[in-house]
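One letter stands for each residue in the lines below.
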Amino acid sequence: MARINLQQLRHSYCSTPQGKVDYALKEINSVWEDGGSYALLGPSGCGKTTLLNIISGLLTPSEGKILFDDIDVTNMPTSDRNIAQVFQFPVVYDTMTVFDNLAFPLRNRGFKEAEIIPRVHEIAQMLELEDSLQQRAARLTADGKQKISLGRGLVRKDVSAIMFDEPLTVIDPHLKWKLRSKLKELHQRLGITMIYVTHDQTEALTFAEQVVVMHDGLVVQMGTPVELFERPKHTFVGNFIGSPGMNILPAENNNGEIGFEGCPIKTSANTDINTLQGKLEIGIRPEFIRFAAEGNSNGDASAIPVEIIRVNDLGKFRIVEVKHEHHLIKLILPEQESLPSISPHIIFDPDKTMLYADSWVVD
Amino acid sequence: MINKTTNQKAWLFVIPVIVLVAFNALIPLMTVVNYSVQDTFGNNLFFWEGTKWFEEVLSSPRFHQSFMRQMAFTGTILLIEIPLGIAVALAMPRKGPWVSVCLILMALPLLIPWNVVGAMWNIFALPDIGLLGYSLNAIGIDYNFTQGPIAAWITTVMMDVWHWTSLVVLLAYAGLVSIPDAYYQAAKIDGASNWAVFWRIQLPKMKRVLTIAILLRFMDSFNIYTEPFVLTGGGPGNTTTFLSIDLVKIALGQFDLGHAGAMSLIYFFIVLLVSWVFYTLMMRNET
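Residue numbers (the numbering used here), protein chains in the order written: chain A, 3 to 365; chain B, 21 to 307.
Simulated from the structure, these hints should not be mistaken for lab results.
These numbers were taken from a predicted model, which means no experiment stands behind them.
Don't take every hint at face value.
[As the list claims (entries may be wrong)] Partial list, derived from the structure: chain A residues whose beta carbon lies under 10 Å from chain B:
hint, residue
1, PRO79
2, ALA86
3, ARG109
4, ASP167
[Stated by the list, open to error] When the alpha-carbon atoms are kept at most 25 Å apart in a straight line, the in silico DSS-like pairs for lysine-lysine are as follows:
hint, chain 1, residue 1, chain 2, residue 2
5, A, LYS28, A, LYS281
6, A, LYS325, A, LYS281
7, A, LYS268, A, LYS325
8, A, LYS114, B, LYS208
9, A, LYS22, A, LYS235
10, B, LYS208, A, LYS159
11, B, LYS208, A, LYS67
12, B, LYS269, B, LYS72
13, A, LYS354, A, LYS268
[Said to hold, decoys possible] Partial list, derived from the structure: chain A residues whose beta carbon lies under 10 Å from chain B:
hint, residue
14, GLY59
15, ASP82
16, ASN110
Glycine included, C-beta positions come from ideal geometry on N, C-alpha and C.
I would like the entire structure built from these sequences, with the hints used as guidance.
Here you go:
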């Protein structure tokens, strides 16, 4: 068990990195508490797996330090770190039985059979693998094999954290849900730190207490699923999380007031916008936009006139695409509400309207 | 149910293949079967002999001896080439510019025609002018493969190892590079020793290619003819006369067609049987 502390981690796969582009990890500072469940979320190539491999010790970072509690483990080999990892494709030792697979990490560390046997049975019971203990591991299905990989991590009592590298990739859809619940249950029961890498937001948001969103070698936001949804710190988070993602629209500074193509917009930002540098954008989730009541729109200065382009009926709600000037905006319309018939206007919820300067949120 | 229409026209298209295979395989093989059950005194006159030639071959001490020599040779080269091939494959780099250099070096011996290999080793090993033979004698080892049976054996085995270990290396290497990195990473996390990595990951993952390697080396070495024929001609005496050399002596040297025909068929069935038994054993546990 340990608290994982990442300090100024940078990593490059080039031997002599020239500039920022050569770094797979640009700079990571993060503290992951003992016993937490974390999801590392991001698109392919954002550096998730690199970060995971650095934590497990399969890679040594070019710069920076990793501390487990207060011990510097940056240069410690994997086998001494008490880290377990479950890989994307199930890794089992084909020639061994399920029992021997689970016992393998203990046998390698010189435990006595008298200690190994009860421990393996305990773990097999947790993972519901007891019936297949004497089978050859190669004969199990993909989800059974993933359970063995997980079991090889759980079987060691001293394990500090278990890391999952997109572990459900090869699992049948109806078993994915089952296996994920199993993971959650084990996390609650054993209190082991779990770090879960995925590019699937549903997996990340349902599994983890804390979601770490990565983009282009940087951690752009770390927070609970609700925080990520309501206050994305970076336009990337807004876009990546949620379906459909956040609307990101260009903003202008009209004498200290925020405007969008001439319409004044109220945002949640309290900063004096004249002090802001860089490109200004507003971000608003489709969930927080509504149509202005018909006939009333002229009275409300913040209502934006739009043209309805397309309506997608998804049953419980409709996704309406509207256009203002040449900007497409998506909004979610609950089932019971009807579309306005003449001169539609939309209104942004001011508390949920974010202001971004150079893609980073303005408070 | 899908109703399939019957169309016998397809047979027409198979005829060229049947004719070709019959011409170059079935008919020659049947000729051998023909010889094996008949006797001839020339003038195209044949007499039915039944299983006489088979009984004669199976009870002949000469066949027993060349069969035992053949088994000893094949066993020896397999025992050397398979572990050596695996060891070389393990030592080869998996990434970087040296990969292609190593692969080309490994492939070179396989590209040399068999009789050239025989001739090369003959000259290389000659005690008076060959580099190997001369050097060995110069440091005081009495070596002459044209006269000493042991020297002849060692030279023949070395030649085969030199020529064919590469094949095992290339197959084993192909098996090794196809193992995903995750297996090595998992082994590190599980605290596995290098030996455990070899025994639990690398060897099991190489099993299929090694099965092919052993089968190929078994069949090829069991049928070996050209290289020992050029190197030693089966000598000194009969000490390196393997089955196929003996067969050619009987068939073309003595023109004993019935005996040679029966021997060919027995030879063929031995190769087939051993290969089948071996393959079945190796694949027993595969799903």
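Going down the list of hints, with the structure as the test:
1. PRO79: 8 Å, holds
2. ALA86: 6 Å, holds
3. ARG109: 9 Å, holds
4. ASP167: 8 Å, holds
5. A/LYS28 / A/LYS281: 22 Å, holds
6. A/LYS325 / A/LYS281: Holds: A/LYS325 and A/LYS281 sit about 22 Å apart, inside 25 Å.
7. A/LYS268 / A/LYS325: 19 Å, holds
8. A/LYS114 / B/LYS208: 21 Å, holds
9. A/LYS22 / A/LYS235: 22 Å, holds
10. B/LYS208 / A/LYS159: 17 Å, holds
11. B/LYS208 / A/LYS67: 21 Å, holds
12. B/LYS269 / B/LYS72: Answer holds: B/LYS269 to B/LYS72 is near 20 Å, not above 25 Å.
13. A/LYS354 / A/LYS268: Between A/LYS354 and A/LYS268 the Cα gap is close to 10 Å, so the pair holds against 25 Å.
14. GLY59: 8 Å, holds
15. ASP82: 9 Å, holds
16. ASN110: A/ASN110 check passes; min Cβ-Cβ to chain B is 4 Å, inside 10 Å.
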